[in-house]
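Protein chains: 4
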Amino acid sequence: MMRDQLIDDLVNRLRKFADEREWGQFHSPKNLAMALTVEAAELLQEFQWLTEEQSRQPDQEGLKRIKEEIGDVMIYLILLSDHLSIDPMAAAFEKIEKNRAKYPVDKAKGSAKKYTDL
Amino acid sequence: MMRDQLIDDLVNRLRKFADEREWGQFHSPKNLAMALTVEAAELLQEFQWLTEEQSRQPDQEGLKRIKEEIGDVMIYLILLSDHLSIDPMAAAFEKIEKNRAKYPVDKAKGSAKKYTDL
Amino acid sequence: MMRDQLIDDLVNRLRKFADEREWGQFHSPKNLAMALTVEAAELLQEFQWLTEEQSRQPDQEGLKRIKEEIGDVMIYLILLSDHLSIDPMAAAFEKIEKNRAKYPVDKAKGSAKKYTDL
Amino acid sequence: MMRDQLIDDLVNRLRKFADEREWGQFHSPKNLAMALTVEAAELLQEFQWLTEEQSRQPDQEGLKRIKEEIGDVMIYLILLSDHLSIDPMAAAFEKIEKNRAKYPVDKAKGSAKKYTDL
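Residue numbers (my numbering), protein chains in the order written: chain A, 34 to 151; chain B, 34 to 151; chain C, 34 to 151; chain D, 34 to 151.
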């Protein structure tokens, strides 16, 4: 039900890309999770000295780099999910439902508190 | 062209979820990039003491937690992209093409070297 | 009691370095924690495609880069601690004592399990 | 010259702690770098929904958790350095000197730009 054409295309292209280069040997879930975190931190780096306000309006150059880093994070997230036969979109939808129970509107409204402190 | 029904659904559900809770005030790109990195590291934590081999076959409990963390990473990646009007799937496809030029098959085959060292 | 000459020297040098460049405005604990994580991930990147065995014997070039990244992590850890008036060495010693209670030798020996699963 | 009594004490205590639990097998530099990043992100998490201003004045509970996370980061930084025979304090001092050349006062004053953009 969740299977999605565009994500399937991405998975297939990433598999082919890795196979052609014989990179499967490096792509253990452990290593892919490391690469994912490294890319997330490179994305974070784009924002580290900006104010929150500035981060809402990055300049053209910044936005281009941010887009590339978002691409990298997505690539490793999809690769890692594929290696563990996890559907990342289904995982996201399920997590939202879980969060709905943890953060009921009447308690969570306008608050950044963790659900354990609500 | 890249717009994808399933991702659009996820975006809409995340927007609604945040709006109902008045969380837009906390969701600056800077903060979302922080949350994304925090979630990526929680995913990483699942693998930190496993061997690469073990990471290919997590136990049932581990797999369940990993799926949740993948959901969290996807959620923040989609939220951040939405706030900056970036299409994360297009970003991924474009990055693959860029990597194709950086890592030509004949040079990159079987090597984990960075493109600058090939 | 914990105050340490070498760390005090480092703190003073870092304060002077930031003051001369008027960087105090950027050095909120929030931003420093971001920079610390970014540097930790750059350190992680040095190991991401190495096997555990290879990571025990990085080559000369790798070791040089690793040393620099360790320097960066230490710098931001000390800066962040200084901004919050936390003694990082005392924090480490206290954490060891806490871990001693969480991981008793007879239960934790040879196990990588989290204390909640021991 | 750089050897420091307090850090030597910490190294020795950490070695003993790991030896008693036979944890050396898990402590490859690769794994220690992962643990370091995970702890840095846990520290980051304390600040993710705070404004920069709020991050300068965490409440008592927050400050206690922050101190613990700083302790964890220091522990893994010292352990990783020890496993690679790197002196982390010397690394920090050397990095400051390097930064002095990359960020000359007259160019870097009041600017958060990366040295490549100065």
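Worth flagging that the hints you see were computed from the coordinates, not collected in a lab.
Take these hints with a grain of salt, some might be off.
Each pair may be met inside one copy or between any two copies, as identical chains are not told apart.
Straight-line Cα separation of at most 35 Å, DSBU-like style, residue types lysine-lysine; simulated pairs [stated by the list, open to error]:
id : residue 1 : residue 2
1  : K97       : K140
2  : K49       : K146
3  : K147      : K49
4  : K142      : K97
5  : K146      : K97
6  : K140      : K49
Hint check:
Only between protomers do K97 and K140 lie at most 35 Å apart by alpha-carbon distance; the minimum there is 25 Å, versus 38 Å within a single protomer. Proximity of K49 to K146 under the C-alpha cut-off of 35 Å is restricted to the inter-copy arrangement: shortest distance 19 Å between copies versus 43 Å within a copy. For a Cα distance limit of 35 Å, the shortest separation of K147 from K49 across copies, 19 Å, qualifies, whereas the shortest one inside one copy, 41 Å, does not. In this assembly of identical chains, K142 and K97 lie within 35 Å of each other by CA distance both inside one copy and across copies; the values are 34 Å within and 27 Å between.
Both within a single protomer and between protomers do K146 and K97 lie at most 35 Å apart by alpha-carbon distance, with minima of 33 Å and 17 Å respectively. Taking identical chains as interchangeable, the C-alpha atoms of K140 and K49 lie at most 35 Å apart only when they sit on different chains, with a minimum of 16 Å there against 47 Å within one chain.
In this structure, every one of the numbered hints holds.
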